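*Asks:* Given the coordinates of chain A, assemble chain B onto it according to the supplied hints.
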Amino acid sequence: MEEVGLGWWGVPLAILAGAIRVSTPFLFVSLGECLTERSGRINLGLEGTLVMGAMSGYAVSYLTGSPWLGVVVAGFSGILFGALHGTICSLPKVNDIAVGIALMVLGTGIAFFLGKPFIQPKALHLPAIELGWWSASEQVRTALRINVLFLIGVVLVPALLWSFKNTRWGLVVRMAGDSADATLAMGYSVRLIRLVSTACGGFLAGVGGAFLSLYYPGSWNEGLSSGQGLMAVALVIFARWNPARCFYASLLFGGAGALGPALQSVGITASYYLFNAAPYVLTLAIMIFTSSPHRTLAGAPSELSVTK
Amino acid sequence: MSSAIGIDIVGMTKRFGPLVALDHVTLKVAPGRVHALLGENGAGKSTLVKCVIGYYQADQGDLFLAGQRRKMLSPRDAHAVGIGMVYQHFTLVPNMTVAENLVMARASVPFKINWRREREKIDSFLQKTPFGVRLDDPVTDLAAGEKQKVEILKQLYLERRFLILDEPTSVLTPGEADEVLGILKDMATNGDITVLMITHKLREVSAFAERVAVLRSGRLVGEGDVSDLDVHDMASMMIGSRTLPTPVDREARAFPPTTSRQGLQIRGLSADDDAGAKALREVDLTVQAGEIVGIAGVSGNGQRELVETLAGQRNASGGKILVHGETYQATRREMAAKGVFCLPEEPLRNACVPAMSVAENLSLRAFDRRPLAWRQWWLRKGAIRQMARQQIARYNIKPPIPEMPIASLSGGNVQRAVLARELAPEVTLLVVANPCFGLDIVAVAEVRRALLEARNRGVSVLLVSEDLDEILELSDRVVVMFNGKLVYETPIEDADLAVIGRRMAGH
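So the protein sequences, as listed, match chains A and B.
The working numbering puts the first sequence at residues 1 to 308.
The working numbering puts the second sequence at residues 1 to 507.
The following block holds chain A by itself, in its conformation from the complex (with noise of 0.2 Å):
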């Protein structure tokens, strides 16, 4: 077999398609909490619906063989987990930022004790589209081979901004997260609206999760997110609650993720833990960067607890 090397043009490369791939959990987790956001909620726990999702996901798709039945039952322990969520934020005096942080302990711990089973067997992944085919080169084909749930995100991105200015629920949702007080005015359950927003978020962030653990990495352990769909939740803020932004930010967040695994495929292994580190290097960076203390948040739906 005779290999076409790439060289050092492999780092940027497979930063390109490292980018591809490690975005897809941090899209789906940032449309779903976006869509959270602008109705007006905050929902922290969507870091527990990722592992929730990435172990049932998983799971499914092991014991029934069919990865695509795992990705639905991957959203719908989302669903469950959002509209959790929804429900015990609709109760007088009730903190999102509180009830989120416990319901992401809870999903994760959850997804632990039941995803014990599943560590060890293989499960089937999902399929990938081969868009490297007129290439020779072994890496070439590898970086552009793309899962159609990153496909999904992508068609997902249009939908969301076109549904937030050209549908009735679209508006609603905004009009939730920006003024109660309007909302109710109109006629509309400011509950309703956004428990069914965190319900659509959840749905999302654990389509996100089956990602994980049947496409890549494509197994399931405990240590399998690591903190995306924490980042994730930060992503929203820096995109300005935009969706449009917000996958562009999943891009630069793939990219970053995939810098240390790239610099190794070529050989420099030194820092290796230090460039894996590079996401939350960046949260950091670009959060200082884009902040600013004179100014307020431009975009920010007015209901959130943290902008109020």
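To be clear, the hints were calculated from the coordinates, so they are not data collected in a lab.
Be aware that one or more of the hints could be misleading.
The calculated PhoX-like cross-link candidates involving lysine-lysine, where the alpha carbons are at most 20 Å apart (straight line), are [what the hints assert, rightly or not]:
id : chain 1 : residue 1 : chain 2 : residue 2
1  : B       : Lys320    : B       : Lys338
2  : B       : Lys28     : B       : Lys278
3  : A       : Lys165    : B       : Lys485
4  : B       : Lys485    : B       : Lys278
5  : B       : Lys320    : B       : Lys485
6  : A       : Lys165    : B       : Lys121
Covered by chain B, according to a simulated footprint, are these stretches of chain A (three or more residues, beta-carbon under 8 Å) [as the list claims (entries may be wrong)]:
id : region
7  : 168–179
8  : 185–199
A few chain B residues facing chain A, derived, Cβ under 10 Å [stated by the list, open to error]:
id : residue
9  : Ser74
10 : Val103
11 : Met104
12 : Ala107
13 : Lys112
14 : Ile113
15 : Asn114
16 : Phe125
17 : Tyr488
18 : Pro491
19 : Ala495
20 : Leu497
Keep in mind the model is a prediction, meaning the values are calculated, not measured.
Even glycine gets a Cβ: it sits at the ideal position worked out from N, Cα and C.
*Replies:* Structure of chain B alone, referenced to chain A:
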């Protein structure tokens, strides 16, 4: 457009626990007219209209619409028969555009919104009304006057034929108020709508209303055609047997206006607003001792940023401030040493800690000094309570309980409490912004009297107000602020309302 409707209120009574907020009020509101509902804070005006709109349920009494008895169980019932209300606080969604707000206000919104068709509908509706608004601007970018116009537009767009307005002009300049009320009056005269507006501005009643009803302590104490009543009649109906504080005369200035008496000097001051845009552009201003300088202007032209910069709530981006000839950077130490005090607008939000008690709020300026503190760190609760009792008695703050959280006081009482704190004996420079916003007629007279007394004592007063009448009544010198700059200045003797109005609009 459909024609106006009228309502009859018969024997309406509403109790909140032991408090009788409305006491058998009977009022006929004829169609196609502008009706004014006058009364002080707490007279029952809001309660009455909230019973009409279905926000509250009256304990007794009936509402008739075209001779038919109606029960309004919720605002929805009122909306269904064409009664709409514009609330004192805005009910628009801030981050949505004007067009989006109008569409979402409708009772039924299609699942997919066809923006081209909606725009055509709104445009043709706008052509029938005399309001001009920019449909694609987010509401948060609009000035208060424009927001109020959109609120009214929203009601008209929903084909409401009976409009209740709760102090519609409280955040508007006189020019904006005249414009909005003039349009409403014309529409009423055309028979398109009936207007019932709550107000305590007598000038607006005499200029725009045809009928007036006066409430006091929940009772209807007077009613009549505006043409039969003068301002004095209406004021005495509102006040009843109580007397207004006698106005203070503007004494000849206690000090000659020399440079050594300059209280506040602002040199080339610039500052940014919350979004980072330039709000103050190289402002130069001097306020001498014993002088009130009034800053007129439409809200949102940099007045808020100016007051916040002077109060230490905002950093200047350029220029400097001198107080008594020395540099001033709005630190707590400087404020105390130089006697700088400030009554900002919305004092509950800008100058109070809402959950703290009245006594604690009254002590915020001096709690770390003698006599309220021992060696600057141990608070003497007894002294604080005693000081609070004195201030409460002196400024007539109700209820007179020092331990009450200040957020539970009415707007007028919060205003009086902050004024009590800021009019300390050591004040030499006082910055006040809209000091009479939302106050009743007696409270307004009290506040204005206090400001004039301070001036006569030699205090430099910088008065920022959106109420031109207030500026003309109190100021020694008037300056006009537009787009972050001071564009006009005149001594009060030469002040011409028409010129000031034009400058406020940027001409």
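*Asks:* State the violated hints by number, sorted upward, taking the hints as numbered earlier in the document.
*Replies:* 2, 3, 16, 17, 18, 19 and 20
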